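Taking the hints into account, I'd like the entire structure generated from these sequences.
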Amino acid sequence: QKEVEQNSGPLSVPEGAIASLNCTYSDRGSQSFFWYRQYSGKSPELIMFIYSNGDKEDGRFTAQLNKASQYVSLLIRDSQPSDSATYLCAVYETSYDKVIFGPGTSLSVIP
Amino acid sequence: DAGITQSPRHKVTETGTPVTLRCHQTENHRYMYWYRQDPGHGLRLIHYSYGVKDTDKGEVSDGYSVSRSKTEDFLLTLESATSSQTSVYFCAISESEGAYNEQFFGPGTRLTVL
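Just so you know, the protein sequences line up as chains A and B, in that order.
With the numbering used here, letter number 72 in the first sequence gets 72, and the count goes up by one each step, no holes.
With the numbering used here, letter number 84 in the second sequence gets 84, and the count goes up by one each step, no holes.
Hints are computed from structural coordinates only; laboratory data are not their basis.
Owing to the predicted nature of the structure, the values given are computational and were not obtained by experimental measurement.
Some clues are possibly wrong.
[What the hints assert, rightly or not] Dumping the calculated DMTMM-like pairs for lysine to aspartate or glutamate here, alpha-carbon to alpha-carbon at most 25 Å: (1) B:K57 - A:D97; (2) A:K56 - B:E102; (3) A:K98 - B:D73; (4) A:K98 - B:E95; (5) A:K98 - B:D54; (6) B:K57 - A:D27; (7) B:K57 - A:E5; (8) A:K42 - B:E95; (9) A:K98 - B:D38.
Listed below in structure tokens is the structure:
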């Protein structure tokens with residue numbers, strides 16, 4: 001089984017700034033990538049899915065995928081205190097035929 | 001939440017007792033999953049199901065069994081609970097497998113084994 005790694009944080013950014021969350025994976029055959037947001041005491045919520053190399057934008061969120069370097073990142077523009085949560089990166093690994101979750105990065109947006 | 005409920009939401013039990021957690025969905029999705037979430041480990045797959053009576057093991061299946069007799073229900077049983085099984089358990093559902101496996105999670109069950 002391959003690994004998905006994230007910095008555990010906490011990552012602190014001021015309100016209105018850009019938050020950048022990174023995720024690396026070890027299986028070169030990985031095909032698709034997911035970002036989940038999890039508020040404290042709540043369940044994970046899917047916020048982004050990216051399959052192709054490049055950027056995918058959805059509102060204030062942008063996912064960036066670089067398969068050659070084996071990383072995927074999530075940018076949150078104009079960060080709000082309500083964005084404070086743990087962000088889980090998940091990777092569909094072809095060899096394992098399952099989605100593998102990273103440990104998550106805790107984000108704190110300071111008003 | 002995408003039509004997924006879990007019961008009970010909280011449970012305290014003693015070592016050695018059997019425990020069953022229930023996941024119920026109203027989305028008619030084919031795939032269902034049980035995960036546990038522990039600090040520092042993230043979400044780890046216990047068992048999953050790809051249809052009625054079709055189940056398979058995940059990475060941390062020891063001490064757990066599952067059953068799926070109806071599309072909407074997926075049960076997780078701890079045969080003889082141990083303190084190491086204290087965790088938060090999440091059920092997830094998905095319409096498809098493979099690269100488009102977008103999973104939607106239930107509210108979770110917090111289990112404490114004393």
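Taking the hints in turn, this is what the structure says about them:
no. : hint           : verdict
1   : B:K57 - A:D97  : 13 Å, holds
2   : A:K56 - B:E102 : 16 Å, holds
3   : A:K98 - B:D73  : 21 Å, holds
4   : A:K98 - B:E95  : 14 Å, holds
5   : A:K98 - B:D54  : 16 Å, holds
6   : B:K57 - A:D27  : 21 Å, holds
7   : B:K57 - A:E5   : 23 Å, holds
8   : A:K42 - B:E95  : 22 Å, holds
9   : A:K98 - B:D38  : 19 Å, holds
Violation of the numbered hints given earlier is absent; every hint is satisfied by the structure.
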